[in-house]
Every structure is written in C-alpha cells, then in structure tokens.
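Fit chain B to the given chain A structure using the hints.
Spelled out, the chains give:
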Amino acid sequence: MSLLAPFAGGLLIGLSALAMLALLGRITGISGIFAGVLNAEAGLWRWSFLAGLVIAPLLFHTLAGQPQPLPSAAGWPMVISAGLLVGFGTRYAGGCTSGHGVCGIGRLSPRSMAATATFIAAGMVTVFVVRHLTG
Amino acid sequence: MLRQLLVPLLCGLVFGTGLALSGMTDTRVVLGFLDIAGDWNPALLMVMVGALAVTIPGFWLAQQRGTPLFSPQFFLPASRTIEAKPLIGSVIFGVGWGLYGYCPGPALAALAGFNWQPLLFVVAMAVGVYLEKAFSARSQGRPGSIPP
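Protein chains in written order, with the numbering used here: chain A, 209 to 343; chain B, 10 to 157.
If you're looking for bench data, these hints aren't it; they were derived computationally from the structure. Cβ atoms here follow ideal geometry from the backbone N, Cα and C, with glycine treated the same way. Among these hints, one or two may not hold up.
Restricting the straight-line Cα-Cα distance to at most 20 Å, the calculated cross-link-like pairs of lysine to any residue (SDA-like) are [what the hints assert, rightly or not]:
#, chain 1, residue 1, chain 2, residue 2
1, B, Lys94, A, Ile288
2, B, Lys142, B, Ile97
3, B, Lys94, B, Ala143
4, B, Lys142, A, Ala329
5, B, Lys94, B, Lys142
6, B, Lys94, A, Leu316
7, B, Lys142, A, Val245
8, B, Lys142, A, Gly244
9, B, Lys94, A, Met321
10, B, Lys142, B, Val132
11, B, Lys142, B, Leu78
12, B, Lys142, A, Leu246
13, B, Lys142, B, Thr76
14, B, Lys142, A, Ala248
15, B, Lys142, A, Ile288
16, B, Lys94, B, Val132
17, B, Lys142, B, Ala71
18, B, Lys94, B, Ala146
19, B, Lys94, A, Ala248
Just some of the chain B residues that point at chain A, by a computed CB distance under 8 Å [unchecked claim]:
#, residue
20, Leu22
21, Val23
22, Gly27
23, Asp48
24, Phe84
25, Ile91
26, Pro95
27, Trp106
28, Leu117
Label pairs and their calculated CB-CB ranges [claimed, not checked]:
#, chain 1, residue 1, chain 2, residue 2, range
29, B, Leu14, A, His340, 30 to 36 Å
30, B, Lys142, A, Ala281, 49 to 55 Å
31, A, Val337, B, Gly75, 24 to 30 Å
32, B, Tyr139, A, His340, 17 to 23 Å
33, B, Arg147, A, Pro285, 23 to 29 Å
34, B, Trp69, A, His340, 24 to 30 Å
35, A, Gln274, B, Tyr139, 34 to 40 Å
36, A, Gly283, B, Leu78, 46 to 52 Å
37, B, Ile97, A, Pro285, 20 to 26 Å
38, A, Val337, B, Gln149, 20 to 26 Å
39, A, Pro285, B, Leu78, 43 to 49 Å
40, B, Ala143, A, Ala250, 33 to 39 Å
Chain A with its partners taken away, still in its complex shape (with noise of 0.2 Å):
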C-alpha cells in the first residue's frame, strides 16, 4: 500500500488541528470535544466540528467513488468492552491520538509524548496477547 496517502491525511489532520488551534485557540482533542458534547458545556463549535467529521468520510468516500472501509467481523461483547475501554480511558488519559498524539506532541508537551508512547506501546501489546498469544 502506498504511504502517501496517509502521509496526506496526516497533512489534513495536522491543518485542521492548527486551524482550530490559529483560529479559535482550541485543542482538537477529538475525546475532549466529544465529552464537551455529552456533558453539554457551553458552544455549539463541538457539535459543528463533530458534524463535519462524521459528514467528510461519508463525501470522501462518494465522490473518491471507493465504498467505506468495513467494521471488523468482532462480536458485539467485543465492540462494547473496546468502546468502554477508549471513552474511559481517554478521559481519564485527559486525551487521546488527537488531543495528546497530533496537539500535544505538536505543543511539545512531555505530558502528551509520554500519554502517546504509553497508548502505542498498550495497543501493541493488546494486539500481541490477542493475535499471537492466545489467537
């Protein structure tokens, strides 16, 4: 596969998170806005950002003519515990690949490098236990 595309999402990813940040003085921490939303606080640009993430792929995938990306074949016990695991996870992390690996990291914070080396190293180690270990 070729790397270049990923390297040109990373290069979307990075613009949107230093426009939010130029613009409007804000985090694209994708966990902390979603929080934001559920929590209710004050400002509607959460949901308008959230709105434009969920909508882009949908355009991206139509227009590139190439359908979305299918779910893994994991049962629903598996969805449930992984999406209770990020959400709790994340919050408590005060971030995720977003707010800690793209913003934090491009803030230089020693907080956010070491959130993100901890988050790789665990997803790793997951992968392993469930692909090589006991798969």
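Chain B alone, transformed into the frame defined by chain A:
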C-alpha cells in the same frame, strides 16, 4: 456564526477527510500498525509524521501572535508534566484501542458507513466517558487519593 459554525465545521470536514484518506477509519489498517509481530502496516506512523510536520512548527508560529484570530484567548491544557494519571488512562485506552482498532476520531468518522459496530462502539464510548466522570468525581472527594 464564524466561530461556532463555519470554522469548526470546515475543520471537522478537513479532519474527517484526512482520516478517510489515510485509511484510519479501517480497523485493519490501525490494527496492522499495532501488530509489530505480524505484517506491520506503517500507515498510522505516516499519519502522525504528516500531522506533526504541520502542528509542531504551526502551533509554535500560531502562538507567537498573542491571541487566536477569532477568539480572545487560547484554551490550552495547564499541565505539561508527566504524571501517573495520564499514563494509567493511556494504558486503559490503549487496551481498548488494540482490542477493536478504533480510537475516538475514527470511531465517530466511521458512523457515516451506517454499520452497527461504530454506532455501538460510540455508545459504549459515551458510557465510558460518563463512568470516568463519576469515578474521578468520587476519587477526588476521597482523602488520600491521587490528585488529578
């Protein structure tokens, strides 16, 4: 209008396009990156390289201006120091990420595919957010607890 609607909507569209273009809404691509003992897929690494190539110099430049263009202030996290709480949270998050292959952004972006899995994942993620809120509120009120 500009601050609450147009700018964040456009930014969300660009962000979501980036996720779709880079293959991050595909759990196989993400799990392929996390599977270092298998057929390793470097796509997620390239996404991070591309994003940080913009944010590292861009964030520094943006903050040279005292204020954002359309807002009176920057809303930035106060702490930059390494503490136990974000690391513990990241371990929990990383396990969930490795189990299915969605982090919050791609899970939300995958909603547009109209499959039940992203929807169920996002609902469970919302429950997780509320559980964490309740948990952190309780542990803050307890004497001798780890400060957040």
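Evaluated hints:
no.: 1; hint: B:Lys94 x A:Ile288; in the structure: 23 Å, violated
no.: 2; hint: B:Lys142 x B:Ile97; in the structure: 15 Å, holds
no.: 3; hint: B:Lys94 x B:Ala143; in the structure: 16 Å, holds
no.: 4; hint: B:Lys142 x A:Ala329; in the structure: 25 Å, violated
no.: 5; hint: B:Lys94 x B:Lys142; in the structure: 14 Å, holds
no.: 6; hint: B:Lys94 x A:Leu316; in the structure: 19 Å, holds
no.: 7; hint: B:Lys142 x A:Val245; in the structure: 14 Å, holds
no.: 8; hint: B:Lys142 x A:Gly244; in the structure: 12 Å, holds
no.: 9; hint: B:Lys94 x A:Met321; in the structure: 14 Å, holds
no.: 10; hint: B:Lys142 x B:Val132; in the structure: 16 Å, holds
no.: 11; hint: B:Lys142 x B:Leu78; in the structure: 32 Å, violated
no.: 12; hint: B:Lys142 x A:Leu246; in the structure: 11 Å, holds
no.: 13; hint: B:Lys142 x B:Thr76; in the structure: 31 Å, violated
no.: 14; hint: B:Lys142 x A:Ala248; in the structure: 13 Å, holds
no.: 15; hint: B:Lys142 x A:Ile288; in the structure: 18 Å, holds
no.: 16; hint: B:Lys94 x B:Val132; in the structure: 24 Å, violated
no.: 17; hint: B:Lys142 x B:Ala71; in the structure: 32 Å, violated
no.: 18; hint: B:Lys94 x B:Ala146; in the structure: 14 Å, holds
no.: 19; hint: B:Lys94 x A:Ala248; in the structure: 24 Å, violated
no.: 20; hint: Leu22; in the structure: 4 Å, holds
no.: 21; hint: Val23; in the structure: 4 Å, holds
no.: 22; hint: Gly27; in the structure: 3 Å, holds
no.: 23; hint: Asp48; in the structure: 10 Å, violated
no.: 24; hint: Phe84; in the structure: 5 Å, holds
no.: 25; hint: Ile91; in the structure: 4 Å, holds
no.: 26; hint: Pro95; in the structure: 5 Å, holds
no.: 27; hint: Trp106; in the structure: 5 Å, holds
no.: 28; hint: Leu117; in the structure: 6 Å, holds
no.: 29; hint: B:Leu14 x A:His340: 30 to 36 Å; in the structure: 47 Å, violated
no.: 30; hint: B:Lys142 x A:Ala281: 49 to 55 Å; in the structure: 32 Å, violated
no.: 31; hint: A:Val337 x B:Gly75: 24 to 30 Å; in the structure: 49 Å, violated
no.: 32; hint: B:Tyr139 x A:His340: 17 to 23 Å; in the structure: 34 Å, violated
no.: 33; hint: B:Arg147 x A:Pro285: 23 to 29 Å; in the structure: 27 Å, holds
no.: 34; hint: B:Trp69 x A:His340: 24 to 30 Å; in the structure: 41 Å, violated
no.: 35; hint: A:Gln274 x B:Tyr139: 34 to 40 Å; in the structure: 36 Å, holds
no.: 36; hint: A:Gly283 x B:Leu78: 46 to 52 Å; in the structure: 47 Å, holds
no.: 37; hint: B:Ile97 x A:Pro285: 20 to 26 Å; in the structure: 24 Å, holds
no.: 38; hint: A:Val337 x B:Gln149: 20 to 26 Å; in the structure: 33 Å, violated
no.: 39; hint: A:Pro285 x B:Leu78: 43 to 49 Å; in the structure: 47 Å, holds
no.: 40; hint: B:Ala143 x A:Ala250: 33 to 39 Å; in the structure: 22 Å, violated
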